[in-house]
Amino acid sequence: MLCFCFACNKQSERKPDFLEVRITRQTALEGGETLVLRKIDKDWSAMLLGDGYRFSCLYQKSVQPKSGWENLWEELLSNGVLEIPDGRRMTNSIDGNQYIVEVNYQNKLKRYQFENPDQLKTKDAEQLRNIGNSISREFETPMFISNYERGKVGDYLTEQCRSYSGQDSIN
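Heads up, the sequence shown is in the working numbering, so the first residue is 12 and it goes up one at a time.
Worth flagging that the hints you see were computed from the coordinates, not collected in a lab. Errors might be hidden in some of the hints.
What follows is a set of in silico ranges between Cβ atoms, one per label pair, in the way DEER data are often shown [to be verified]:
1. R161 <-> S73: 22 to 30 Å
2. P27 <-> R161: 38 to 46 Å
3. L93 <-> K53: 17 to 25 Å
4. D54 <-> G162: 32 to 40 Å
5. K121 <-> G162: 16 to 24 Å
6. R122 <-> A39: 20 to 28 Å
7. R173 <-> E81: 28 to 36 Å
Quantities reported herein were computed from a predicted structural model and do not represent experimental measurements. The C-beta atom is built at its ideal place from N, Cα and C for all residues, glycine as well.
Could you put the whole structure together from the sequences, leaning on the hints where they help?
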């Protein structure tokens, strides 16, 4: 006797719940860092990808938020990470200081580039500064602080390249 179960594969056919947020902070001369925050079903992960002194070295490292995944996500939501509009916001400065935010959520991809958010008093600039400050605090990186110090950022990026020159780095 043969028995077929037509509903047996329903669970395996279900698409996983997927969220990815990429936030890149690039500075004028020092380099940049990208936080890749991912949630697949109930599993969270995060990675910092960086370059020191504009591609003299590249690194990557897995990280976890100090206050936990759910607290981090609630803070990012309250700061409007899903409300940031598509598009590009530029100022008259040619400093090279910018954020790029990409959000892939509910089969929608949004990309927002914001140059010199410290110089504007708009709601989206404030949201971006708050998001950056949260990321810096949670993942212990000075890169996303809205009012960063060039010397600290340069030293941090160089140290990351030295510290992660093992199997996690890309050279």
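Here is what the structure says about each hint:
no.: 1; hint: R161 <-> S73: 22 to 30 Å; result: 27 Å, holds
no.: 2; hint: P27 <-> R161: 38 to 46 Å; result: 41 Å, holds
no.: 3; hint: L93 <-> K53: 17 to 25 Å; result: 18 Å, holds
no.: 4; hint: D54 <-> G162: 32 to 40 Å; result: 37 Å, holds
no.: 5; hint: K121 <-> G162: 16 to 24 Å; result: 34 Å, violated
no.: 6; hint: R122 <-> A39: 20 to 28 Å; result: 22 Å, holds
no.: 7; hint: R173 <-> E81: 28 to 36 Å; result: 33 Å, holds
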